[in-house]
Amino acid sequence: MGKRVLVIEDEPNIIEAISYILSRDGWRVHTHANGHDALDVIRAQRPDLLILDVMLPGRSGYDILRDLREAEGLDDLPVLMLTARGQAKDREMAERAGASRFMTKPFSNTEVLDAVRAMVPS
Amino acid sequence: MTPEALTGTRIRERRVMAGLKQAELARLAGISPSYLNLIEHNRRRIGGKLLLSIAEALGVQSSLLSEGAEAALVAGLREAAARRGGHSAELDRAEEFAGRFPGWAELLVDARRRIDALERTVESLSDRLTHDPHLAASMHEVLSTVTAIRSTAAILAETGELEPEWQDRFHRNLNEDSRRLAGAVQGLVNFLDAAGEDGANLTSPQEELEAFFGGRAYHFGELEGPSADIDALLDGDAAPVSTAARATARRLLERYRADAVAMPLSRVARVVARDGPDPAALARASGTDLAAAMRRLAQLPADLVPAPLGLVICDGAGTLTFRKPLDDFALPRFGAGCPYWPLFEALSRPAQPVARLMAPAGAGPRLFRGLAVAQPASPAGFDRPGLFEATMLIVPVAPSAAEDAPALPVGVSCRICPQPACPGRREPSILAEGF
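So the protein lines, in turn, are chains A and B.
Numbering-wise (this note's numbering), the first sequence opens with residue 6 and increments by one.
Numbering-wise (this note's numbering), the second sequence opens with residue 5 and increments by one.
If we strip away everything but chain B, and leave its shape as in the complex, we get (with noise of 0.2 Å):
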């Protein structure tokens, strides 16, 4: 069944949701309660200037309507399913049951990243305990010297007739020993507390990134201003808690606060102004490289662009180094993106500018624009070559400006993307039929 066909239960849904009867529905619309039957039980196509009356009435945008759950949520739903298998969720009505039940479908969605949280908390702290080095030093060290003073106590206890000398020299040992288990146990409590902190939020170091830049909506107003302080940020409540974490975090953040300074928020909302969020205009505005453009643009106060827009970074061997997704075009949470990202093709040729229209899969009608470089990010030796990053920022397409130039076709990761026959899938899609 397409997205559109359930135009009519969406409406019944949000009908009810909003606590109302269908006459009253009906009566703002300005149309007979028989036909809003017929509309809610999909037997009448809707569009156009009922569509938005109805939608009005509801209070919700059309497109709600018309076009279904949001693309993430659908693919959050899919990845579910892929996680499991997939073998007992119906995934080609996926669509249909995140557009009827769109709570149900993020607590089921939510409740999936919550498991996987928790068996990589479980997966981690289990892989601790068997190979952490210091923890297999500090038990070596409890063992060793809790048999000291067990044999040393035994044999004071035991033994009848001890030579004061070798008396003298096993008390020594047993407090000498008993200092040192006090010591060891400590050192293993401390070991155990501070596991335990980090495994109460572990999840891996970047979806605590994630989690702390999502938490600020990628934009930090601390790191604008002149007296731009990244040691009071990272010492804030969300901050991120892992050390690998907040050592990512860093690097981020002075990288911001460099674009920052860079590109002033007065200059780059000129520059968005007259030409739109155009990073090769705010790069010629402000003398900077294509990346850190993008990257301002992407990490800019919503009321600066007309519409959210989505980053995505990797580095030279693929792999995902910062995301921000848009809820129409998803990223993979874990693994690599779709192959035919410009992202990737930029990787192929350094410091060649790629734009590409995108149409990722599930997203519906919507494009995308990406716009990909990959620029080095450390020189080159005569010892080692160069590295290289590439940055791809994605630019939601108005369907009225859409080109007539045919979209390629994206998808999230191949494990949930329906293409047929993509030359550019890695192992074959739980999804039995496409969108």
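The shape of chain A in the complex, shown without the other chains (with noise of 0.2 Å):
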């Protein structure tokens, strides 16, 4: 049985390119495209990893993760943020929401698959 990884991405063309190619690595993928709801998603699937999007309808990623880190149980669930603007305060405000890694669009399915199997080693 494969790790299981939740994609919160609104954008649903990038949703099926990830899940797909994690699919193949082995993962099971969850996916999601609100941010209103997505801490209660994520508790209710308690992933292995998560990759969250910070622009997202209803919510910032970067407000669903500060959430994340103070909820019991889910405070060290590794997070892959994937954003728009790569600029080092991005970077920077992503590392003190509680980012384990940060990765800028557009982004190759390489760097996807080599991001998520250091986080989450099988």
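Keep in mind the hints are simulated off the structure, nothing from the lab.
As the structure is a prediction and not an experimental result, all values here were calculated from the model.
A few of these clues could be false.
Claimed, not checked - Label-pair ranges, simulated between beta-carbon atoms:
#1 A:D42 with B:T163: 30 to 36 Å
#2 A:D119 with B:V189: 26 to 32 Å
#3 B:V189 with A:G7: 34 to 40 Å
#4 A:G7 with B:T163: 15 to 21 Å
#5 A:R101 with B:G107: 52 to 58 Å
Said to hold, decoys possible - Cβ-to-Cβ under 7 Å is the rule here; a few derived chain A residues that face chain B:
#6 I19
#7 M60
#8 K110
#9 N114
Stated by the list, open to error - To list a few chain A residues with every Cβ distance to chain B over 12 Å, as calculated:
#10 G7
#11 R9
#12 E14
#13 D15
#14 H35
#15 D58
#16 P126
Where a beta carbon is used, it is the ideal one built from N, C-alpha and C, also for glycine.
Both chains are sitting in their own frames, so use the hints and assemble them into the complex.
Below you can see the structure in the form of structure tokens.
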């Protein structure tokens, strides 16, 4: 049984591409496209890894991550943050919010695979 | 050195500019060349009939020789020095510099203003690039679509045996995303083009307005007739470009048109001929309020008033919302004015007209009458208080007509005002000494 990854991203074709490459790599992929109820979905899914976009409808990825780090049992969940902005201050914001890793769009499939494999060793 | 002490220097400069030899000017003025030489080196005081003769021979007004450069030019130099911190400029010699080299002084002031405008353009564009929500959303759309295309294309290109169902799906996604990308990029280009057009002239909306009104000498003949068309005026070549300036210009022009209807030019001309530029007389004759009469007087054609009139309007917070400066009564381009202006006194006692004789710093012996009133700008309700707007008409006072009553010293703004120990001072002046 593969490890579980939850992808929270509002762009359907990115979700589809990431889901495909991670599934082929043996991950069990769940997806969600909204920010406002994202925390509930994370609690319910209890994934081994979270891929979280910053700009989401309803609530920003930073806000979700900050709450996540204060939630019992989820404070050490590995989180790969996806963002369209790659400036130093954005990276810093992601780190302060509690991101384990930060990736700037557009990224390659190989970069995503390498990152998730490194974050959750099989 | 006092302005009068430099009269000789100004005569010399003007003579050289006119291409006259000392002997020629001396002959025209009926004095010896050696005496003119002493005058030009400020070793003899000059005034009265001789000053008038020399001014006539040079084709200039005698006041230009005796009083030197326009106060506005000197104020502009001091403002330029203030913007640089005033460390290296000889502030005490600004008057002398403007008097001796008026062309260079104007060039310097213009250059400083241009730099200010460009700095604001850069700041505004940078602010827009950093914080504009539309730009951020457009960039996000572009990058997200590119990410989807990149991932999908890589799957199609690099996956050896892709199931037909997935292959169809990814092809469809690629097609969708490429269309979305084209739309997003087009939107981004349109946005940046519009920003560039705005930015080309990007001063502040207030400055755009002032350039528009100043370019028309604050008078709009098109709005005097019954078929006044504000839209046509705003579609003209020199009309403001930015949305904010156009909206404000429309509001001001609508008010101008209403004033013109309430106070037709023919009636205003009769009142001014009889009573001079007196807003109270005009308001009585027209049944309007004082502020409307002040606005109307300040925006008349030049041939209807004995001398140009200045006007300044502020909102209840004291922010200047309309400025029509005079040559010798400069108004601050940024920030607030002098708290001693009658404008602000009027704001503190609404509906009670205020009249004060003012002596602006740096205007030499020139005096001005400030006539001000604060009137309701929006009605009060049970849920919010009413707002007030104050209006001040600035009327030059002829030296011969100046009363014995002491004039109130006023400035342009604290930073370039030399008044010592002024209770209204908000910040230190950069001027170490008085004018």
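Taking the hints in turn, this is what the structure says about them:
Checking the proposed 30 to 36 Å range against D42 (chain A) and T163 (chain B) shows it holds: the Cβ atoms sit about 33 Å from each other. Distance hint check: the CB atoms of D119 (chain A) and V189 (chain B) are about 29 Å apart, consistent with the given range 26 to 32 Å. Restraint check, V189 (chain B) to G7 (chain A): a C-beta distance of roughly 38 Å satisfies the suggested window 34 to 40 Å. Checked against the hint of 15 to 21 Å, the C-beta distance between G7 (chain A) and T163 (chain B) comes to roughly 18 Å, which is consistent with it.
In this structure the hint that R101 (chain A) and G107 (chain B) lie 52 to 58 Å apart at CB holds, the actual value being about 57 Å. Of the supplied interface hints, the one on I19 (chain A) holds, with its beta-carbon coming within about 5 Å of a beta-carbon of chain B, less than 7 Å. This hint holds: M60 (chain A) has a C-beta 5 Å from the nearest C-beta of chain B, less than the 7 Å allowed. Interface restraint check: K110 (chain A) against chain B, minimum CB-CB distance 4 Å, threshold 7 Å, status holds.
Given hint, N114 (chain A) at the interface with chain B, holds; its Cβ is 5 Å from that chain's nearest Cβ, closer than 7 Å. Its beta-carbon lying about 18 Å from the closest one in chain B, G7 (chain A) satisfies the requirement of being farther than 12 Å from that chain. Residue placement check: R9 (chain A) keeps its beta carbon more than 12 Å from all beta carbons of chain B (closest about 21 Å). In this structure E14 (chain A) is not separated from chain B by more than 12 Å, as the shortest Cβ-Cβ distance comes to only about 9 Å.
Distance check on D15 (chain A): its Cβ comes as close as 8 Å (rounded) to a Cβ of chain B, failing to clear the 12 Å threshold; non-interface status is violated. Every CB of chain B lies more than 12 Å from the CB of H35 (chain A), the least distance being 18 Å, so the non-interface label holds. With a cut of 12 Å on Cβ distances, D58 (chain A) falls inside the contact zone with chain B, its closest approach being about 8 Å. No beta-carbon of chain B is positioned within 12 Å of the beta-carbon of P126 (chain A); the least distance is around 23 Å.
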